[in-house]
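Residue numbers (my numbering), protein chains in the order written: chain D, 986 to 1287; chain G, 986 to 1287; chain Z, 986 to 1287; chain B, 986 to 1287.
Think of the hints as simulated: they come from the structure by calculation, not from any bench. One or more hints might be untrue.
Within a straight-line C-alpha distance of at most 16 Å, the following computed EDC-like cross-link-like pairs (lysine to aspartate or glutamate) qualify [unchecked claim]: (1) B:K1282 to G:D1274; (2) D:K1282 to Z:D1274; (3) G:K1092 to G:E1228; (4) B:K1282 to B:D1244; (5) Z:K1282 to D:E1213; (6) G:K1282 to B:D1244; (7) Z:K1092 to Z:E1077; (8) Z:K1092 to Z:D1244; (9) Z:K1282 to D:D1244; (10) G:K1282 to G:E1213; (11) G:K1282 to B:E1228; (12) Z:K1092 to Z:E1213; (13) B:K1092 to B:E1077; (14) Z:K1092 to Z:E1120; (15) B:K1282 to G:E1077; (16) B:K1282 to B:E1213; (17) D:K1282 to Z:E1154.
Not everything, but these chain D residues come out facing chain G in the computed CB check (under 8 Å) [what the hints assert, rightly or not]: (18) Q1040; (19) A1169; (20) T1180.
For each residue, glycine too, the CB sits at the ideal point set by N, CA and C.
Protein chains: 4
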Amino acid sequence: MMNADRLRNPFGPTLSDRYRDIGRMLISCPDRPGIVAAVSRFLFEQGANIIHSDQHSTDPSGGTFFMRVEFQLHDLEQHGVGIEQAFAGVAEAFQMDWRLAYADRIKRLAIFVSRAEHALFELLWQRRAGDLRAEISMVISNHPDLRETVESWGIAFHHIPVDQGQKQEAEEKQLQLLADQVDAVVLARYMQILTPYLISRYPCRIINIHHSFLPAFAGAGPYVQAYERGVKLIGATAHYVTEDLDAGPIIEQDVQRVDHRHSVEDLMRIGRHIERVVLARAVTWHVEDRVLVHGNKTVVFA
Amino acid sequence: MMNADRLRNPFGPTLSDRYRDIGRMLISCPDRPGIVAAVSRFLFEQGANIIHSDQHSTDPSGGTFFMRVEFQLHDLEQHGVGIEQAFAGVAEAFQMDWRLAYADRIKRLAIFVSRAEHALFELLWQRRAGDLRAEISMVISNHPDLRETVESWGIAFHHIPVDQGQKQEAEEKQLQLLADQVDAVVLARYMQILTPYLISRYPCRIINIHHSFLPAFAGAGPYVQAYERGVKLIGATAHYVTEDLDAGPIIEQDVQRVDHRHSVEDLMRIGRHIERVVLARAVTWHVEDRVLVHGNKTVVFA
Amino acid sequence: MMNADRLRNPFGPTLSDRYRDIGRMLISCPDRPGIVAAVSRFLFEQGANIIHSDQHSTDPSGGTFFMRVEFQLHDLEQHGVGIEQAFAGVAEAFQMDWRLAYADRIKRLAIFVSRAEHALFELLWQRRAGDLRAEISMVISNHPDLRETVESWGIAFHHIPVDQGQKQEAEEKQLQLLADQVDAVVLARYMQILTPYLISRYPCRIINIHHSFLPAFAGAGPYVQAYERGVKLIGATAHYVTEDLDAGPIIEQDVQRVDHRHSVEDLMRIGRHIERVVLARAVTWHVEDRVLVHGNKTVVFA
Amino acid sequence: MMNADRLRNPFGPTLSDRYRDIGRMLISCPDRPGIVAAVSRFLFEQGANIIHSDQHSTDPSGGTFFMRVEFQLHDLEQHGVGIEQAFAGVAEAFQMDWRLAYADRIKRLAIFVSRAEHALFELLWQRRAGDLRAEISMVISNHPDLRETVESWGIAFHHIPVDQGQKQEAEEKQLQLLADQVDAVVLARYMQILTPYLISRYPCRIINIHHSFLPAFAGAGPYVQAYERGVKLIGATAHYVTEDLDAGPIIEQDVQRVDHRHSVEDLMRIGRHIERVVLARAVTWHVEDRVLVHGNKTVVFA
């Protein structure tokens, strides 16, 4: 068993203390004058001290306004319900979509994998290092291969095969495992397409990673196609999963240079590297409540 | 003569219109609860609509708070003085350093050069493309070489030699030319060290660019030293000029990869490329009022 | 007139001398043992000293072998014909496609533009700085807008409108201008599709630049589409023009990061920046005989 | 126990087969005409097929010539001694420093660590993924903290404290463990300075990683200094260890962007990330015989 205790609580009391009393208010609404004034006045009157604040407007005239305010408030946990009730009035006046996130309620993730382990590993490791501030509640796979690895980290592993024509049954089992246990699902190279039904249960809370090229290569064997076209960049895109396969809101993208000396195998290796880096960044931003979704795009207050 | 009219007014009425009525409030003060509420309420009461807002606190307890608010207000030019007077009360309550910048008052730059033209050229060109929203009022050089080039752009060129032991006289001439004509000075590979006297006249308004390496190479011939050490990155740093040579607040840095195939001459060519890119970014941020200085470092709301 | 003399001969005698006696042998052939031995022995026997040598094999068994050898040989110009005749025997034995390039025969470029000037400008400028070692023989445009700019650099400007249904006539005029005058054509944001006829006259000698995204966006207004999808990277691809529109062999690609704060206009500005950098790199590699084409991909010995 | 068998032999028979019969000839010598011809003729006569070849000359006249040739030769293992004896004549004629590396003799590494695990972890993981083609023979630490982690990977862990004034005794123990067991030593954040004695035993075979900044910050707490100076880039440098502390030949460098929002802790986290990426690249190049040292710099045929 590999330092499971440390993994379960890598942050120690220091970080827990650091996050206590930190709230994050996430708001989107039609833009109009007075929003910032109303929100900041509200927080001031509640006794909160604003630590960070980011905002963005797609267009001051008729656009959408986004805001993320991180604040400190003594005994936030006790006062949270009252604050949320009090804010409802402000929110209504401005037609806000909003939520209050409590930073010390560490988010719980389920990671879906198949056979490839690179994306899973980066998440396990960044979590262990304390860079990814989340709890990894379980790993679900349609293959048994990674059981030993996952369990050696002290994390529950569930093998749920997805047989031909039995996807619905498999997803039912997945949903039962997830129920009330996880805040978000990370598809860390999970090679199954989710049904609209499962997706609808975790809207903007399922994150996927896939390779990306310029130009894009449709169909099978994209790395072979990229090799044959002689691309000079290999990329990866992390996005929220919607019914529109691989076309949901993009959270993060990055690329790495390649050249003619790289074999198809090299491109795949470099692809794995860039995938794990990009996915880890996207998951980190998600669990720190930095991503707001607007139609089919994101506002990332990184 | 090369499109001088176009250079003088590259933006046309469209951009002028776009910038009219846009104000930028820049604030730094001791952090404490209520600042954002006070500023946003003030702007709301003045009838302003906040377009962008960035803020940063070095530490919510006892740190320094920085804020840049870009807002739109009908007939800002006419109401400006009144707004500034009204804001003085808010500012005093929070011990703010602050200023209100009018976006349509395009900043006027003097560019100091010696013989190398690459950094000057990038600025002239980005200005022409409308990417650098500034007016280039004059170019001052301790060498006559670039006169024809600069004048062909329709820009005044002043040759002020800096003879041995005559630096003070030369700087007096420079200051006379600058007087009331420029908002900031850009040292675009100007190979003279400014005296504390000149620097003190344009605090945090003189921007310099110099090459940077990991590790740093002191003394003469840094590119030769970098070549001999076999560095893998060539960098550049843009910073505000202080009396502490090359050690003023950093505005921007970037690097480019090199390897053993690059000669000293190649390193210098790559260095020129990265210098012009980094300097142009720093100047752009400066003229758009995106840089706040705090001690010996900057907060860049890019 | 802007330093036209300097532009016409930016390199001066020093560089001319430096390039004299430098040859570049470019070879591709079926891979098999003995190629390098035969080529290097040949050059040794001719009295040449190899300065750089790059090679690549797609597969040692049954693949294609590529080689670029840069060598120094006293009085190369006089001995060139003899060397080429002598090498024919080696080449035949290995079924080589090959050519000998003389480094001091500076390549002559025609640049095709429409209205956008950014890509043209970078080339003019890098040429002036001596970074692009080529002669810009002429600029051809389907619009008259850039005449003054181009002529102020002392370069011939030809306005050849491309009217509806008159493309063939326009291309005939272009070909007459190009005839025997240029080695390669650079499409620096030339907004006309070339016909297969013109392309066939300059195989692998017409270089184009276009924007690239992950994923690709088909159809009109790609920047608007990229904005609406919220991409995090803006890219550009430089490639040789083939009949297959925008799908010819890729020479170079690069990207720059963007985020939600960037407007469509910002994306276009950043796109312009990355386009000019990528195009200049591709053209530089082409004129230095660093690009070998293999089917629909390139081997770039950068 | 975590997949120790798989870790010990992550490559399987396929890769072993792939590497069998692959040789790498590494050469440096005074540059003069005929070197490539002699080497390639020699290999051809031995029946070898050149797969890759890289070469570099610091100066064709009086400089140093470097060459790395990767070739395939049937039954290389059996013929190796004969080939080496035969090549000695060629080598002598050109005053070559040279060695023949057999690709299937996977290099054995000792990793030295203290308490920080990030650099160690990346190496363990890349090795497991098959990206780092090396054997990790042992981990040596001056602290006991990482024993459980290392042993869970099935790798020997040796705790050798380095007490005040007892460094020589500690190094003797280290050298006994290393003896005949390892080809190279990786200092993966090992916080002890090695003595010249130990360094002299593994010349150009000890690789270190350290943080790098532009500009460099001497003395204690470099991240605090970097934070206070407001640097925009955090970097790392991997180099061979020489007696000249942190000033040995640089193998690889890279940087990551930071800004004012990053705390000292964030800078350290980003520093860890860039350190592990840079170290892994440097070690990979070393074990693939891609790094030649020349004075105080490297030629990396990546």
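How the hints compare with the structure:
1. Simply put, K1282 (chain B) and D1274 (chain G) have alpha-carbon atoms about 43 Å apart, too far for the 16 Å limit, and the pair is violated.
2. Straight-line distance between C-alpha atoms of K1282 (chain D) and D1274 (chain Z) comes to about 43 Å, which puts the hinted pair past the 16 Å bound.
3. Distance hint between K1092 (chain G) and E1228 (chain G) is unfulfilled; the C-alpha atoms sit about 24 Å from each other, more than 16 Å.
4. Of the pairs offered as hints, the one joining K1282 (chain B) and D1244 (chain B) is violated, with about 32 Å between alpha carbons and a cut-off of 16 Å exceeded.
5. Taking the CA atoms of K1282 (chain Z) and E1213 (chain D), the gap is near 7 Å; set against the 16 Å cutoff, the hint holds.
6. A distance of roughly 11 Å separates the Cα atoms of K1282 (chain G) and D1244 (chain B); the hinted pair therefore holds under the 16 Å criterion.
7. Pair hint K1092 (chain Z) plus E1077 (chain Z) does not hold up; C-alpha atoms about 28 Å apart against a cutoff of 16 Å.
8. Proposed proximity of K1092 (chain Z) and D1244 (chain Z) is contradicted: the alpha carbons are some 40 Å apart, above 16 Å.
9. In summary, the hint linking K1282 (chain Z) to D1244 (chain D) is supported, as the alpha carbons are separated by about 11 Å, within the 16 Å threshold.
10. The hinted pair formed by K1282 (chain G) and E1213 (chain G) fails the criterion: a straight-line CA distance of about 32 Å is larger than 16 Å.
11. Only pairs whose Cα atoms come within 16 Å are accepted, and K1282 (chain G) paired with E1228 (chain B) is rejected, the gap being roughly 35 Å.
12. Taken as a hint, the K1092 (chain Z) and E1213 (chain Z) pair is broken in the structure, with Cα atoms around 42 Å apart against an allowance of 16 Å.
13. Distance check on the hinted pair: K1092 (chain B) and E1077 (chain B) sit about 27 Å apart at the alpha-carbon level, beyond 16 Å; violated.
14. For a cut-off of 16 Å, the pair hint linking K1092 (chain Z) to E1120 (chain Z) stands: about 6 Å separates their Cα positions.
15. A distance of roughly 58 Å separates the Cα atoms of K1282 (chain B) and E1077 (chain G); the hinted pair therefore is violated under the 16 Å criterion.
16. Of the supplied pair hints, the one linking K1282 (chain B) and E1213 (chain B) is violated, its CA atoms being roughly 32 Å apart against a limit of 16 Å.
17. Of the pairs offered as hints, the one joining K1282 (chain D) and E1154 (chain Z) is violated, with about 46 Å between alpha carbons and a cut-off of 16 Å exceeded.
18. Because the closest C-beta pair between Q1040 (chain D) and chain G is about 5 Å apart, less than 8 Å, the hint holds.
19. Interface restraint check: A1169 (chain D) against chain G, minimum CB-CB distance 28 Å, threshold 8 Å, status violated.
20. Because the closest C-beta pair between T1180 (chain D) and chain G is about 41 Å apart, greater than 8 Å, the hint is violated.
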